[in-house]
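A.B. asks: These are the residues of each chain, in order.
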Amino acid sequence: MALLSERLKSFLRGSRSSAGPPANGGNAPGFASRPGQAGVLDTRPSRGLDQFFGSFRDQTGLSILDLGGACQENINFITSLGHKFYSEDFLRIFQETFGEDIADQANPGRIDYFLRRSLEYPDEQFDGVLAWDALEYMEPALLAATADRLLRILKPKGYLLAIFHSAERKQTVPCYSFRIQDPRTLQVGRHGQRTASQQLFNNRSLEKLFRKFDSVKFFLTRDNLREVIVRK
Amino acid sequence: MNVWNKQRREEEPSRPLNTNTIRPAPSAPPVEAKKEATTLSSMSSMPVGRMEPESRGGSATIGKAVKIAGQIFSREDLYVDGDVEGTIELMDHKLTVGPNGKVHAGVKAREVVALGAIQGNVEASERIEIRKDAKLVGDIKTARIVIEDGAYFKGSIDIVKSEPKVAPSQPRPQPAAAPAPVPVAAAADAKR
Numbered sequence: 013m014a015l016l017s018e019r020l021k022s023f024l025r026g027s028r029s030s031a032g033p034p035a036n037g038g039n040a041p042g043f044a045s046r047p048g049q050a051g052v053l054d055t056r057p058s059r060g061l062d063q064f065f066g067s068f069r070d071q072t073g074l075s076i077l078d079l080g081g082a083c084q085e086n087i088n089f090i091t092s093l094g095h096k097f098y099s100e101d102f103l104r105i106f107q108e109t110f111g112e113d114i115a116d117q118a119n120p121g122r123i124d125y126f127l128r129r130s131l132e133y134p135d136e137q138f139d140g141v142l143a144w145d146a147l148e149y150m151e152p153a154l155l156a157a158t159a160d161r162l163l164r165i166l167k168p169k170g171y172l173l174a175i176f177h178s179a180e181r182k183q184t185v186p187c188y189s190f191r192i193q194d195p196r197t198l199q200v201g202r203h204g205q206r207t208a209s210q211q212l213f214n215n216r217s218l219e220k221l222f223r224k225f226d227s228v229k230f231f232l233t234r235d236n237l238r239e240v241i242v243r244k
Numbered sequence: 003m004n005v006w007n008k009q010r011r012e013e014e015p016s017r018p019l020n021t022n023t024i025r026p027a028p029s030a031p032p033v034e035a036k037k038e039a040t041t042l043s044s045m046s047s048m049p050v051g052r053m054e055p056e057s058r059g060g061s062a063t064i065g066k067a068v069k070i071a072g073q074i075f076s077r078e079d080l081y082v083d084g085d086v087e088g089t090i091e092l093m094d095h096k097l098t099v100g101p102n103g104k105v106h107a108g109v110k111a112r113e114v115v116a117l118g119a120i121q122g123n124v125e126a127s128e129r130i131e132i133r134k135d136a137k138l139v140g141d142i143k144t145a146r147i148v149i150e151d152g153a154y155f156k157g158s159i160d161i162v163k164s165e166p167k168v169a170p171s172q173p174r175p176q177p178a179a180a181p182a183p184v185p186v187a188a189a190a191d192a193k194r
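Residue numbers (this note's numbering), protein chains in the order written: chain A, 13 to 244; chain B, 3 to 194.
So here's chain A without its partners, still in its complex pose (with noise of 0.2 Å):
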């Protein structure tokens, strides 16, 4: 019932601001801002993003959006090929307008001020987006609404590259940053833990999530990670 009530509170609270300031400064617990902060940097062979880029192949002049934040990899990456980079720190707009709060991602009006903030742009903007494992952390409402404008923004026949780390319930997950190498190979850097969404990453759920898209794929990794590629 206190859980209830706490929700309600919080739910309350978020339509009072749906279009004003954030939630949450930003600076709540368990998040590090990426790729800011240096962590532990692997590398690792990536099938999605050879699968990704693949789909590119001799063409120049695309659009495509990383939103992973801007870093001098990705922009050296993806300029060096002759397309124009596009950067969305989406993680960070999440976490300013949401912080840990679970209720507020099922609310409309801050569902919209979140979308406004971070993915405005015209309908059929970009060839390809880099979502990285920015959808991982979202709870279902929040989650479809993003899916839907995604699809919105991609080109027909454009790609979505997402990762996902968990198809087991977690409390915390960690933080990751990808930085392209080459064409085949990803750095991977991690930065500390965040709250796990409550919805679970299995193929199934996947596909659902992506339902509206012509064709979803998956590379599942021996580290259990869930690369997709999704194509409009």
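In short, the hints are calculated from the structure, not lab data.
Computed from a predicted structure; not experimentally measured.
Hints are not guaranteed to be accurate.
Estimated spans, in silico, between C-beta atoms of each pair [stated by the list, open to error]:
(1) 101/B - 215/A: 45 to 53 Å
(2) 74/A - 135/B: 29 to 37 Å
(3) 102/B - 118/A: 38 to 46 Å
(4) 134/B - 73/A: 29 to 37 Å
(5) 139/B - 224/A: 25 to 33 Å
(6) 67/B - 227/A: 30 to 38 Å
(7) 112/A - 102/B: 30 to 38 Å
(8) 128/B - 120/A: 42 to 50 Å
(9) 227/A - 163/B: 35 to 43 Å
(10) 162/B - 160/A: 33 to 41 Å
If you only want the chain B side, here are some residues facing chain A, beta carbon under 8 Å, derived [to be verified]:
(11) 75
(12) 81
(13) 95
(14) 128
(15) 147
(16) 149
(17) 153
(18) 156
(19) 157
(20) 159
(21) 160
(22) 161
(23) 162
Glycine included, every Cβ here is placed at the ideal spot set by N, Cα and C.
Following the hints, complete the assembly by docking chain B onto the known chain A.
C.D. replies: Then chain B, alone, in the frame of chain A:
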């Protein structure tokens, strides 16, 4: 011993790092510097022409307590540690936005270094550097970009190859004091 130099040395230690003045180039005579030292209130009524100091190889500074709304054109490097709203054009020069700087303007410069906040589109013909803790919201057009970890950037990056400067086909007339070597072919043409 030059009197001016002596006076400058005496003044320098007391000069704060960030002042609320537009400073002229360091090589300017101190008397002129006093004349040009201007607070915000008098700046707003100043004609635009006064904002264009002659190129003396130095850099102009907008201190952290200064707020400017309007257009800035400069023929020397500019350091902004205050608030600027409008447009900034330094076609062949460098703009540095200091850690306290807040630029809400379209920027065109040869080189841009951001340590503070820029909101607006930036065209840097040579390079742009976004340092740690800087915040840039806007679209960037440049030949080269350097972004440090920890910087916040929201917008697009368009890498445009800077066109190599074409050497003039005929050598320009040089001052008599420093004659430039004339290419043999050109010299032969001149004799004819």
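A.B. asks: Would you mind marking each hint as holding or not holding in the structure?
C.D. replies: Evaluated hints:
The hinted range of 45 to 53 Å is satisfied by residue 101/B and residue 215/A, whose Cβ atoms lie roughly 48 Å apart. Against the hinted window of 29 to 37 Å, the Cβ-Cβ separation of residue 74/A and residue 135/B comes to about 31 Å, which satisfies the hint. A hinted range of 38 to 46 Å holds for the C-beta pair residue 102/B and residue 118/A, which are about 40 Å apart. Distance hint for residue 134/B and residue 73/A: a CB-CB separation of about 31 Å, consistent with the stated range 29 to 37 Å.
Distance hint check for residue 139/B and residue 224/A: the Cβ-Cβ separation is about 30 Å, which falls inside the suggested range of 25 to 33 Å. The given range of 30 to 38 Å is broken by residue 67/B and residue 227/A, whose C-beta atoms sit roughly 58 Å from each other. At roughly 31 Å, the beta-carbon separation of residue 112/A and residue 102/B lies within the given 30 to 38 Å, and the hint holds. Hint check: residue 128/B to residue 120/A, Cβ distance near 46 Å, so the stated range 42 to 50 Å holds.
Our hint of 35 to 43 Å for residue 227/A and residue 163/B holds, since their Cβ atoms are close to 36 Å apart. Taking 33 to 41 Å as the suggested C-beta distance range, the pair residue 162/B and residue 160/A conforms, at roughly 34 Å. The beta carbon of residue 75/B comes no nearer than 29 Å to any beta carbon in chain A, farther than 8 Å, and the hint placing it at the interface is violated. Interface hint status for residue 81/B: violated, as the beta-carbon distance to the closest one in chain A is roughly 24 Å, over 8 Å.
Here the hint on residue 95/B is broken, as its CB sits about 24 Å from the closest CB of chain A, past 8 Å. With a cut of 8 Å, the hint placing residue 128/B at the interface with chain A is violated, because the nearest CB-to-CB distance is about 15 Å. With its C-beta approaching chain A no nearer than about 6 Å, residue 147/B sits inside the 8 Å limit, and its interface hint holds. Here the hint on residue 149/B is kept, as its CB sits about 5 Å from the closest CB of chain A, short of 8 Å.
Hint status for residue 153/B: holds, given a least beta-carbon distance of 7 Å to chain A, under 8 Å. Residue-level restraint check for residue 156/B holds (minimum Cβ-Cβ distance to chain A is 6 Å; threshold 8 Å). Of the supplied interface hints, the one on residue 157/B holds, with its beta-carbon coming within about 7 Å of a beta-carbon of chain A, less than 8 Å. Proximity of residue 159/B to chain A holds as hinted, the smallest CB-CB distance being about 4 Å (cut-off 8 Å).
The criterion of a C-beta within 8 Å of any C-beta in chain A is met by residue 160/B, whose closest approach is roughly 5 Å, and the hint holds. Because the beta carbon of residue 161/B sits about 4 Å from the nearest beta carbon in chain A, less than 8 Å, this interface hint is met. The criterion of a C-beta within 8 Å of any C-beta in chain A is not met by residue 162/B, whose closest approach is roughly 10 Å, and the hint is violated.
Checked against the numbered hints given earlier, this structure breaks hints 6, 11, 12, 13, 14, 23; the rest are met.
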